[in-house]
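Asker: Can you make the complete structure from the sequences, with help from the hints?
2 protein chains.
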Amino acid sequence: MHIMVIGAAGMIGRKLVAALVANGELGGRPIETLTLADIVAPPAPEFGGTVETVAADLSGENVAAGLVARRPDLIFHLAAVVSGEAEAEFEKGYRVNLDGTRALFDAIRLEGVREPYCPKVVFTSSIVVYGEPLPETIEDTYFLTPLTSYGTQKAIGELLLADYSRRGFFDGIGIRLPTISIRPGKPNQAASGFFSSILREPLIGQEAVLPVEESVRHWFASPRAATGFLLHAAEIDTAPLGFRRSLTMPGLAATVGEEIEALRRVVGEKAVKLIRREPNPAVAKIIAGWPQTFNARRASALGFRAETSFDEIIRVHIEDELQNTLPV
Amino acid sequence: MHIMVIGAAGMIGRKLVAALVANGELGGRPIETLTLADIVAPPAPEFGGTVETVAADLSGENVAAGLVARRPDLIFHLAAVVSGEAEAEFEKGYRVNLDGTRALFDAIRLEGVREPYCPKVVFTSSIVVYGEPLPETIEDTYFLTPLTSYGTQKAIGELLLADYSRRGFFDGIGIRLPTISIRPGKPNQAASGFFSSILREPLIGQEAVLPVEESVRHWFASPRAATGFLLHAAEIDTAPLGFRRSLTMPGLAATVGEEIEALRRVVGEKAVKLIRREPNPAVAKIIAGWPQTFNARRASALGFRAETSFDEIIRVHIEDELQNTLPV
Numbered sequence: 001m002h003i004m005v006i007g008a009a010g011m012i013g014r015k016l017v018a019a020l021v022a023n024g025e026l027g028g029r030p031i032e033t034l035t036l037a038d039i040v041a042p043p044a045p046e047f048g049g050t051v052e053t054v055a056a057d058l059s060g061e062n063v064a065a066g067l068v069a070r071r072p073d074l075i076f077h078l079a080a081v082v083s084g085e086a087e088a089e090f091e092k093g094y095r096v097n098l099d100g101t102r103a104l105f106d107a108i109r110l111e112g113v114r115e116p117y118c119p120k121v122v123f124t125s126s127i128v129v130y131g132e133p134l135p136e137t138i139e140d141t142y143f144l145t146p147l148t149s150y151g152t153q154k155a156i157g158e159l160l161l162a163d164y165s166r167r168g169f170f171d172g173i174g175i176r177l178p179t180i181s182i183r184p185g186k187p188n189q190a191a192s193g194f195f196s197s198i199l200r201e202p203l204i205g206q207e208a209v210l211p212v213e214e215s216v217r218h219w220f221a222s223p224r225a226a227t228g229f230l231l232h233a234a235e236i237d238t239a240p241l242g243f244r245r246s247l248t249m250p251g252l253a254a255t256v257g258e259e260i261e262a263l264r265r266v267v268g269e270k271a272v273k274l275i276r277r278e279p280n281p282a283v284a285k286i287i288a289g290w291p292q293t294f295n296a297r298r299a300s301a302l303g304f305r306a307e308t309s310f311d312e313i314i315r316v317h318i319e320d321e322l323q324n325t326l327p328v
Numbered sequence: 001m002h003i004m005v006i007g008a009a010g011m012i013g014r015k016l017v018a019a020l021v022a023n024g025e026l027g028g029r030p031i032e033t034l035t036l037a038d039i040v041a042p043p044a045p046e047f048g049g050t051v052e053t054v055a056a057d058l059s060g061e062n063v064a065a066g067l068v069a070r071r072p073d074l075i076f077h078l079a080a081v082v083s084g085e086a087e088a089e090f091e092k093g094y095r096v097n098l099d100g101t102r103a104l105f106d107a108i109r110l111e112g113v114r115e116p117y118c119p120k121v122v123f124t125s126s127i128v129v130y131g132e133p134l135p136e137t138i139e140d141t142y143f144l145t146p147l148t149s150y151g152t153q154k155a156i157g158e159l160l161l162a163d164y165s166r167r168g169f170f171d172g173i174g175i176r177l178p179t180i181s182i183r184p185g186k187p188n189q190a191a192s193g194f195f196s197s198i199l200r201e202p203l204i205g206q207e208a209v210l211p212v213e214e215s216v217r218h219w220f221a222s223p224r225a226a227t228g229f230l231l232h233a234a235e236i237d238t239a240p241l242g243f244r245r246s247l248t249m250p251g252l253a254a255t256v257g258e259e260i261e262a263l264r265r266v267v268g269e270k271a272v273k274l275i276r277r278e279p280n281p282a283v284a285k286i287i288a289g290w291p292q293t294f295n296a297r298r299a300s301a302l303g304f305r306a307e308t309s310f311d312e313i314i315r316v317h318i319e320d321e322l323q324n325t326l327p328v
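Here the protein sequences line up with chains S and D, keeping their order. Position one of the first sequence corresponds to residue 1 (the UniProt record's numbering), numbered consecutively onward. Position one of the second sequence corresponds to residue 1 (the UniProt record's numbering), numbered consecutively onward.
Incorrect hints may have been included.
Given that identical chains are not distinguished, each listed pair holds provided it fits within a single copy or across any two copies.
Here are the simulated SDA-like pairs of lysine to any residue, each with C-alpha atoms no more than 20 Å apart in a straight line [as the list claims (entries may be wrong)]:
id: 1; residue 1: K92; residue 2: R166
id: 2; residue 1: K186; residue 2: R224
id: 3; residue 1: K273; residue 2: E214
id: 4; residue 1: K285; residue 2: G242
id: 5; residue 1: K92; residue 2: G168
id: 6; residue 1: K273; residue 2: E261
id: 7; residue 1: K92; residue 2: R167
id: 8; residue 1: K186; residue 2: L274
The set of hints was computed from the structure by calculation and includes no laboratory data. This structure is a prediction, so every number in the text was calculated from the model and none was measured.
Answerer: This is the structure:
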């Protein structure tokens, strides 16, 4: 089969490509061709089949049509301007996250007009489609009230995905990712950054700053679980979804205090001592508007699985990012 | 004040313009200028102030910018390709209902970049943003799962309205209209047509066809109530809405049987005898997926009011459409 990954150079994109290459097949079908696209050409993995890497901005004229003309059987659409950037640069966020997504969906529709075509499309959404007012536990039938332009663009993408799928233009499935933790890489300025950094930095003997109370609760999955969601989404039969094409993924509801206790259990007190408390009311205020716990009933029933403890999330990070060794 | 009505030639648009002209003021401010736009130039009402009528397709290049350059204080955006047409003509529906709406919103944003500007925008949505699965009563926090392209386009319009309002580009409010009954005019092919025609035709001594069981329940408001919703939306302070800019309007939950009983009470058995039962399984199937009852708590708390009986809805029709006389 021919698989296209749009957004293949991003953190999840690279892990997804690595998993596809390592597996060599998807749902029992051998992978013959990989087309990897991103705003900059992604690195080409070592792979027995055909790999093509493409630098492509979906919102550019005819770019989506050019990609879709290759007629992949399966398209992962992960490309997006991230939350902070979409908030800071209004026009860029709408151009990339809304126009780019719509250009892709329309290119698939028009390719099908030319010659019958109905690929599977896996679209990444996010739990930031939810905003206030939020109950303590969010059910699958709770309404979407995004509080950022990024969340708005993802919610619109979900609506388009559902309508284009209902029309039979493609077979879409939307995956609302939990907050990814432990996110590999350097600390960044995202308001959510500390959820990862209070574990990631101490694991390599470095100090990290905790800007909120330990009672703050949020919804997490590891990068490995996120990759697993996307692969599972690509494999399952979408018939049980009906017209409801987007799913909140299962995750781990945990407090910052529970994160820290897990760190203590897995690597000990020395690591925990590297967490420096530095309350930041601005960050605390942003986080207060975020969802805490979901009842991801539909996705769980369809076989999606996440970690069930932060101990597990920390071990996944040690295995996947630290070559299974702790430098401290 | 300067009020612009986009979609002024439609059924609700004409009634809204008539009410604005009759009132001469809105929220205590005299109306000096009316700009009335539609795909064909709407009729100009007799009005003491300035009236301009414009033929305009919002999705055309620079059309929205041209309208917004007049800097109205208040914009009613009612223009849309209707449900059946948006379903039959995919590209036209997205062009008018999504691109047209976005073009208007962006034109307002860009006018504000040129020189500070933040008009009030009243956007008409519809209860067809709701689809399956539906509980018997739909709460304000229930999720939107449109089952038509029209419903999808309205749901996207709501999301854009909320984000553009959150950003401060305009002061938006979205009004989810119930099914309008009794819709004036000729019978049409809409699946919902019978809800109106089983009253409208017998009231003028003509036969009407009832394609479903009398137990079918749905959510109604009169054209007069719909006009009232839009005027009230234009007048109220939107601060209590927070970031939740769209509201399900109050309505009357009634069965077809209750409609018929009201007809019997208001005009008698002779009219009821003009309803011919002709079961149509295709229509029944479409209607089965429609919402039945809402708990429009937020809108009611904000002072929006609809009829509370079909007797009242029938009397409104007799007063407003039949010059308060019954030909039968």
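Asker: Next step is simple, just say for each hint if it's right about the structure.
Answerer: Structure-based check of each hint:
no. : hint        : in the structure
1   : K92 - R166  : between (29 Å within a copy, 17 Å between copies)
2   : K186 - R224 : within (18 Å within a copy, 60 Å between copies)
3   : K273 - E214 : within (15 Å within a copy, 71 Å between copies)
4   : K285 - G242 : between (38 Å within a copy, 16 Å between copies)
5   : K92 - G168  : between (30 Å within a copy, 18 Å between copies)
6   : K273 - E261 : within (12 Å within a copy, 75 Å between copies)
7   : K92 - R167  : between (29 Å within a copy, 15 Å between copies)
8   : K186 - L274 : within (16 Å within a copy, 76 Å between copies)
Checked against the numbered hints given earlier, the structure satisfies every one of them.
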